[in-house]
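Residues per chain, in single letters:
Number of protein chains: 6
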Amino acid sequence: MSDYQRVLLTGAAGALGSELRKSGTRLGKVVRLSARGPCENLAPHEEDFPLDLADFDAVSAAVKGCDAIVHMGGQALEGPWQTILDSNIVGGYNIYEAARRHGVKRIVYASSVHAIGYYERTQTIDGNVPTRPDSLYGVSKTFVENLARYYFDKFGIETVCLRIGSSFPEPTDRRHLITWLSYRDCRQLVEKSLSAPRVGFMIAYGMSNNSEAFWDNRTAAVLGYKPEDSADDYRDKVFAKTTQGDPNDPAVRFQGGSFCAAGHFEDENK
Amino acid sequence: MSDYQRVLLTGAAGALGSELRKSGTRLGKVVRLSARGPCENLAPHEEDFPLDLADFDAVSAAVKGCDAIVHMGGQALEGPWQTILDSNIVGGYNIYEAARRHGVKRIVYASSVHAIGYYERTQTIDGNVPTRPDSLYGVSKTFVENLARYYFDKFGIETVCLRIGSSFPEPTDRRHLITWLSYRDCRQLVEKSLSAPRVGFMIAYGMSNNSEAFWDNRTAAVLGYKPEDSADDYRDKVFAKTTQGDPNDPAVRFQGGSFCAAGHFEDENK
Amino acid sequence: MSDYQRVLLTGAAGALGSELRKSGTRLGKVVRLSARGPCENLAPHEEDFPLDLADFDAVSAAVKGCDAIVHMGGQALEGPWQTILDSNIVGGYNIYEAARRHGVKRIVYASSVHAIGYYERTQTIDGNVPTRPDSLYGVSKTFVENLARYYFDKFGIETVCLRIGSSFPEPTDRRHLITWLSYRDCRQLVEKSLSAPRVGFMIAYGMSNNSEAFWDNRTAAVLGYKPEDSADDYRDKVFAKTTQGDPNDPAVRFQGGSFCAAGHFEDENK
Amino acid sequence: MSDYQRVLLTGAAGALGSELRKSGTRLGKVVRLSARGPCENLAPHEEDFPLDLADFDAVSAAVKGCDAIVHMGGQALEGPWQTILDSNIVGGYNIYEAARRHGVKRIVYASSVHAIGYYERTQTIDGNVPTRPDSLYGVSKTFVENLARYYFDKFGIETVCLRIGSSFPEPTDRRHLITWLSYRDCRQLVEKSLSAPRVGFMIAYGMSNNSEAFWDNRTAAVLGYKPEDSADDYRDKVFAKTTQGDPNDPAVRFQGGSFCAAGHFEDENK
Amino acid sequence: MSDYQRVLLTGAAGALGSELRKSGTRLGKVVRLSARGPCENLAPHEEDFPLDLADFDAVSAAVKGCDAIVHMGGQALEGPWQTILDSNIVGGYNIYEAARRHGVKRIVYASSVHAIGYYERTQTIDGNVPTRPDSLYGVSKTFVENLARYYFDKFGIETVCLRIGSSFPEPTDRRHLITWLSYRDCRQLVEKSLSAPRVGFMIAYGMSNNSEAFWDNRTAAVLGYKPEDSADDYRDKVFAKTTQGDPNDPAVRFQGGSFCAAGHFEDENK
Amino acid sequence: MSDYQRVLLTGAAGALGSELRKSGTRLGKVVRLSARGPCENLAPHEEDFPLDLADFDAVSAAVKGCDAIVHMGGQALEGPWQTILDSNIVGGYNIYEAARRHGVKRIVYASSVHAIGYYERTQTIDGNVPTRPDSLYGVSKTFVENLARYYFDKFGIETVCLRIGSSFPEPTDRRHLITWLSYRDCRQLVEKSLSAPRVGFMIAYGMSNNSEAFWDNRTAAVLGYKPEDSADDYRDKVFAKTTQGDPNDPAVRFQGGSFCAAGHFEDENK
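Residue numbers (the numbering used here), protein chains in the order written: chain Z, 201 to 470; chain G, 201 to 470; chain A, 201 to 470; chain E, 201 to 470; chain R, 201 to 470; chain Y, 201 to 470.
In case anyone wonders, no lab produced these hints; they're calculated from the structure. Since this is a predicted model, take the numbers as computed values, not measurements. Glycine included, C-beta positions come from ideal geometry on N, C-alpha and C. Watch out, some of these pointers could steer you wrong.
To be verified - Residues on chain E that point at chain Y, a partial pick, calculated with CB under 7 Å:
1) K264
2) Y318
3) N328
4) P330
5) T331
6) P333
7) V339
8) T342
9) F343
10) N346
11) L347
12) R349
13) Y350
14) D353
I would like the entire structure built from these sequences, with the hints used as guidance.
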């Protein structure tokens, strides 16, 4: 059981949030769930706390009484600027500022491959490379990473930023053979990010034990993350269903995949 | 005379903006000035275009017809979150998105030492180190740097981010002996950032030819910046008026100076 | 089965070439074999195309109709300069220039430990270190690596340079415990170099899963190479048959082994 | 059986020394044991040679006739300066200078995590980082490492410095989950450090196959160290018996653990 | 006056060769000139020795009796493969192999920016980056650099590879403002490369004291090269005569300039 | 005038110590001189305090009342081990431990090129490279550097380690053209090391503005050291009096010069 008394889980109704609820009290003795609407099927250690991330007072009330936060909430794909701004940028600020006011000690933040999506597929990067976002969504992820760095340097709030690849039930395209993070491995990463004795400000990449890799997780070695799943088990299936693609297509060439091939959201979604 | 037909200068009424107007047609054949209110004493090559950076339509109208932008506008100090958000984050987005829509080729952006203010004074850093902002203001500077990186990688708009130290008439404290950027050298940096044949996405530090240095500008060597002034000329004067300070004071220990010693703006300015 | 229609395999009659034929249609739907003389025992997906690598017209004819090349041919040991020049340097140029003329998309090139043989045994190197050839043979390998870099940068032809250690049936000396690449792992490396969605210009080291290592293959992590064999299984056998050697003997001190202890070929083979 | 004729093992009566005796003739055909007093239960290949490391003549006599040394002796914890000076600094010099005079070829030296104890827990370091000792004990370890570097560069005596983490029967606190080196793995490290064909001057970290890690052993990859034990097997047990601790406690924050939290030995032990 | 008894200067009739003759006995007490045809206006310390670099016996005869070589000869621009092969590759081998046979101690080699021409203009590189040639000419330069590395590592012949930018009477385009090497500075570089007490294998970039720079010459700092000229003096003149260009034109984007914009020589010169 | 009340200058009777006395009150309002015997010609701001560095009580008495120390004392050349041990190792410990007990804030330590003397002349190194001492003297310098690192990390005492090259009246051999530090520049380095607002633990190389260089002082850029002298002014004179030497002589090949060519002191001085 976790050493934390109460942990806030944002985005609790989303795909990853729902999976993380399965970690049970390995997250915290009490897990407070937040989403836009109510969460269902509460376990005894869970409490529900619906909110809009863009509303500072609501966020502050949800954070009060928690000693850690798992921040999975917000817009999880490219979207209109106003949505990115409200959910991810203002929402991110609200989380960190509420954490400061209420003495939260540690935050685990769901960052994304899209914070560094414009590195080439053939580059192997670690957690110290300059960010290269591939979308406004990716820019918003770098914003919260910087905010986390600031709140640690000035106020001592620890954060692990998990740059999550592709966390789905299973890999379905050739890029997923690299970026796939199984739900089980995602839970392990979050649990270890919470229980590690000290994390300071840390960036860890979220991928399973896939032979193909973009990322070198050495800078996060102290977390002790040891993935149990591998996209390799899906390789033949994925190869059978897909073809090789054009190496010069931005969706193939860059780590961010199709996000790099897309134009500006509002142009494309008029 | 510049090769650009029309350059937008934001923040044209501020201290640096006013100095940059002295560059005249070395910025552009026409220089469009923007500030919250009207600018005065227009030269023949200048045209006035007051606007609120948080207003996308106004920004878009100002950008239309320009082939380059010198973006000095926005909140230039720590301030309330809402101000940082409106002026620097939303304002920064408005500039870049308007630039994309109107085919602007290059932007020179006034970033700041406060984007990396939490590096220790004894560390020598270059333009590739991870950002470490020292304030919400500093976080907003990293936001625009990431936005610029994105708009270059996806849309090809070039940016030079100038991480300006302390651009004042003269150095007045011992940290300024390191961070001072004379107005003349600031003008040179902006002019060369505009006229360099290619800049891609580049980060350059803005300091004069000071013997004491935090920064290694080699990654921006192609700009050919060759400062003409030096804080060294003020060393004796500054030493005579100041004392050595406590090396453990955050204002002494970190590159961001007093920004690192301050708490959260809204706590301190209730 | 490979996505390539037709792959040219040079050096098809050599030890590695013969092993690679076992990959069958995992190389290409059709595999065109080339060696100085005819190849035997053709499988249904194989076609024979004997040639002299130094003859541009012959190479060009062999390359025509192929969409990928596995270039294992040429002089595989130190030899007289004229042989190195004709087989490896002129031969290498002929392969790349023919590939350009006939629209070949990707080449897998058998480079060698001897391209970096003068690194010390105690240095751990990756694919980005400056080359340090240990022989004229090694110099010829760096020549083709540079040629490959050029043909990618200018003409977009992708290459994986495999710096193969010691690909033999089994390790027979203590240095092989480090450099050994089993035939099975060699086939895997070539197959993955062909099937990876994008390789650009990449250098990968060819060694099995040996505990002792000179090389760090992280820069080639995206290939997903996962060796199945290990020289460790031969450690006791090799130790029993060999003695420790003099650590100052160039054959022990440097990664290139006995190539570093040899003098100039023509001096020693008069 | 080792290729060495006679190996001197200092500190042979200590915890690690006793464990290393179990390596038997894998250390040397004859193993000469030294400790302050006599060693017991000598095996046929062992000979006893008690001595005081601070006595050059005694050390010289013990070294004579050996072709390698495993130097585990000296003060193994923080202690009074005079003890550190006599046992570790003077003792270290005596070992190296005697080795030079008697033609010893290789030394395996028990350095320590405390040579780099002031790196933060969240930093992943390799063998090339500048030393940051956390105690006078740690400073004495860096002294011998530098001495070893000198005796290799000038006199060609090879050394492997093993920066040993926590070599105990099993991990008992959360930091040990990172630093633990099982006795079995310790023996392997020493054996491979002796039998590797060439080591020059090398630094290797001594930890078992623990998922949590401070250290990157790539610079020692040629040793072929392949740990067989893991602190992971003790994780649940350790977590059950301990609580999370304060991430700002120097004993948690820094790699050296409690050594970093202690003051000056003589102040604290008056 | 030089400490060398006799120095061979190849390419003595070319533009740079002619300039280097002005160094007089600062090159060697005797300077042996070689070019395809005879050299004119011999000074008392000069002797003429015309030869074809592709003819080993002629090269060997020219090298005999020399203790150093300044190798400026060969094809100095992109050309047909056969010319590059004969003049630069075979010619380079002939120089080094003759040097080995006749005991030459040091070679100064005119390498070129075109050995690394595919780095972007905005990248600042030093002498250790992987090569990225922009032409067959550039590939031939990397060939001789590797040959030089090999002849130093195995046979102890020292080489300084000078990667010369644009050595012309004066800069004439905007890229020259970066790459220009005045004749006077070129002479200094060659003289210091000869007179430095030890150079091993070294790469130095050949540029004058230009404010705009691609290159960081720190790895060659021991040469003590201190340029006396600067392209800055020509900046206004060059800007007046040229326009800004398209930053996406390969001739602007890459360090190699127009070589990067050209296709394959034989395609373009049918 | 310095901000320090009282500065202890050890080695005050040595060549550098005598020169540093010329800095007068730029060192401290009072300068306490220590040497083995009495110092002469005391200025009004000077006080004399002879001592033996190996005597802790004497050192402690001298340190009492000082807020900074310039530690130039001890054995300044290779010597017998016992001398190195007493003067430099025990002496160094005595200085730091006395500083801790008496609340000294900052120490400027005269380290030496001999701490890194086994780097090759052709390597350009900065202050972060691993140490490579060339003598027992050099090992003692690395000992004090590590001690300083420890006393800063644990007790907050700041140190600037000055790795001084060759501080003599003028350069007299070709290596001095690289390593020379004029007395005037040495004084500036010490003065700036004292007056810099924060130095933490820092390593700076001590050389004048010589064109030839082994060292990159960027990691000490914040000191603002700006040398006023240059060995270049002596180049012709030195060249006229010396010959080129053998590049394979250790005295030429390595940065430590003749220290690298010497054997063990006690062997050579029996």
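Results of checking the hints against the structure:
Because the closest C-beta pair between K264(E) and chain Y is about 17 Å apart, greater than 7 Å, the hint is violated. Below 7 Å, beta-carbon pairs count as interface contacts, and Y318(E) has one with chain Y at about 4 Å; its hint therefore holds. Given the 7 Å rule on beta carbons, the hint for N328(E) holds: about 6 Å separates it from the nearest Cβ of chain Y. With a cut of 7 Å, the hint placing P330(E) at the interface with chain Y holds, because the nearest CB-to-CB distance is about 6 Å.
The criterion of a C-beta within 7 Å of any C-beta in chain Y is met by T331(E), whose closest approach is roughly 6 Å, and the hint holds. Annotation: interface hint on P333(E) holds; nearest CB of chain Y at approximately 5 Å, less than 7 Å. The closest approach between the C-beta of V339(E) and any C-beta of chain Y is roughly 5 Å, which is under the 7 Å cut-off, so the hint is satisfied. Interface hint at T342(E): satisfied, since its Cβ lies 4 Å from the closest Cβ of chain Y, which is below the 7 Å cut-off.
A least Cβ separation of about 5 Å between F343(E) and chain Y falls short of the 7 Å threshold, and the interface hint therefore holds. The restraint placing N346(E) at the interface with chain Y holds, with a minimum CB-CB distance near 4 Å, inside the 7 Å limit. Taken as an interface hint, L347(E) checks out: its beta carbon lies about 5 Å from the nearest beta carbon of chain Y, inside 7 Å. The beta carbon of R349(E) is positioned within 7 Å of a beta carbon in chain Y (closest approach about 6 Å), and the interface hint is therefore held.
This hint holds: Y350(E) has a C-beta 5 Å from the nearest C-beta of chain Y, less than the 7 Å allowed. About 4 Å separates the beta-carbon of D353(E) from the nearest beta-carbon of chain Y, less than 7 Å, and the hint is met.
The structure does not agree with numbered hint 1 stated previously, though it agrees with all others.
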